[in-house]
Each structure stands twice: as C-alpha cells, then as structure tokens.
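Residue numbers (the numbering used here), protein chains in the order written: chain A, 1 to 114; chain B, 115 to 231.
In short, the hints are calculated from the structure, not lab data. Mixed in with the good hints there might be a few duds.
[To be verified] The list that follows gives simulated cross-link-like pairs (lysine to aspartate or glutamate, EDC-like), each with its CA atoms no further than 16 angstroms apart:
#1 B:163 <-> A:102
#2 B:136 <-> B:180
#3 B:136 <-> B:122
#4 B:163 <-> A:59
#5 B:191 <-> B:122
#6 B:191 <-> B:209
Quick caveat: nothing in here was measured; it's all calculated off a predicted structure.
In case you want the letters, here they are:
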Amino acid sequence: SQTIHQWPATLVQPVGSPLSLECTVEGTSNPNLYWYRQAAGRGLQLLFYSVGIGQISSEVPQNLSASRPQDRQFILSSKKLLLSDSGFYLCAWSQGAGGTDEQYFGPGTRLTVT
Amino acid sequence: AQSVAQPEDQVNVAEGNPLTVKCTYSVSGNPYLFWYVQYPNRGLQFLLKYITGDNLVKGSYGFEAEFNKSQTSFHLKKPSALVSDSALYFCAVRDFAFSGGYNKLIFGAGTRLAVHP
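The shape of chain A in the complex, shown without the other chains:
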C-alpha cells in the first residue's frame, strides 16, 4: 500500500529565515506530487505540482519554491520567510498519466513564522 510522509510536523521560524519542508511517498512510482497551503483551517491553495523529476509548475507567484530531486521526493523551500507564509502545508500525490484522479494527502506541517 502507498503511504505519504511529511516532516517536520510543526515548525516555528523567525521572519527572514530559510525553510525546507520534505515530503516522500512510498509504494508507488511516477506519482504526480502537489504542495498545498491551508490558511485558517479552511480552503486549500495549490502552490506547486510536479508530474516528474525536475518538473515543477507553480500555480501562484510567491516567496516559495519547490523541487523534486527524486521520483518520490518533493521539497518546499524558501530563502527568506515572511509572516504571511504561516499556515498548514499539505503534500499530496496522485497516480500519474492514465491513473485515477483522487489525490492522497500527507499529515501536514504546521508552520508558524514569528
């Protein structure tokens, strides 16, 4: 069966510090990968998606970047955090081309920028 991991679970960082959040998926190959941000416990905002190694697409311009160095690894980064980067960050995966549509989410990382 497939599992998705995210770490850290919680993070408190000062404004201006760098950020690195990691997501890994097990039990599948060539997944599509996604980073979402959820503010105030409500709606989801898609930040980045990736259909393959080194292939990253951004949905919204922002202070963040993403990388996919390996097939099942997805990293969310920032060089200098802003207060507005606080939120709940969710990684998700879905089957690749020709697969089913549902996305499966990791446990999330709660980021607080102080």
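Knowing the structure of chain A, use the given hints to seat chain B on it.
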C-alpha cells in the same frame, strides 16, 4: 469555468440524526466528483468519488453521496451521525479544462460539521 461550491460554512447535527453536507458544481461535460474529510491538524482523507454509474456512491466510515445531474449537486450523507464525524469536509471536482499534464482537482471552501451528543 469549472467550479464547486459548498454553500454552508457549518452544519450542526445531533448524534444519531441523519446528516447532509451540500455540494454543487459547475463543469462542462460529465463531472468527476470527490469528497474528503479533514480532522483537526491532520491531512485530508479521501472518502468517495463519483465517476460514472450508480448515482448513489458509498464510501468510507458509512458515508455516501448522491449525484444529481439535474440539480448539479453531489451531497454527502450519513444515516446516523457520530460525534467522531465532527470534522471539516471538502467537495472537489476534476477540472477538465486544465491542460497542465495532470488531473487537476478544484476544491470547495469546506464545510465544518459539528455533531453534538
């Protein structure tokens, strides 16, 4: 444009009573529809989906959803609510107009379900 709406911010129901969480959609063509649940400080969990076939779809934890094409709705239901069902529920629809190389989902804003003992 493809879209999905959850008209209620919060739904309150007594334990043991039936519950309904509403979802309406707007897509061109036949919709692919999904429901997810999110417990506090957790990721979203997939509950069920409708692609084609029977209008009543059964999912995890005793939930079901009814697809109604004429009303463009996909309401989530459960015959008897439990306190443990209290969570945030998201409806989603596949965006067939998107051509970015993956099956994009559009999520609703979420509905908070509170089940009272």
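Would the pair residue 191 (chain B) and residue 122 (chain B) pass a check requiring their Cα atoms to be no farther apart than 16 angstroms?
-> 14 angstroms, holds
Restraint status (C-alpha distance of residue 191 (chain B) to residue 209 (chain B) at most 16 angstroms) | It is violated: about 24 angstroms lies between the C-alpha atoms, which goes past 16 angstroms.
Do the alpha carbons of residue 136 (chain B) and residue 180 (chain B) lie within 16 angstroms of each other, as the hint requires?
-> 10 angstroms, holds
Does the structure keep residue 163 (chain B) and residue 59 (chain A) at a Cα separation of 16 angstroms or less?
-> Given pair residue 163 (chain B), residue 59 (chain A) is violated - Cα atoms ~25 angstroms apart, limit 16 angstroms.
Does residue 163 (chain B) pair with residue 102 (chain A) here, judged by a C-alpha cut-off of 16 angstroms?
-> Since the Cα atoms of residue 163 (chain B) and residue 102 (chain A) sit roughly 8 angstroms apart, the hinted pair holds (cutoff 16 angstroms).
Are residue 136 (chain B) and residue 122 (chain B) close enough, with their CA atoms no more than 16 angstroms apart?
-> 7 angstroms, holds
When the structure is compared with the earlier hints, violations turn up for hints 4 and 6 and for no others.
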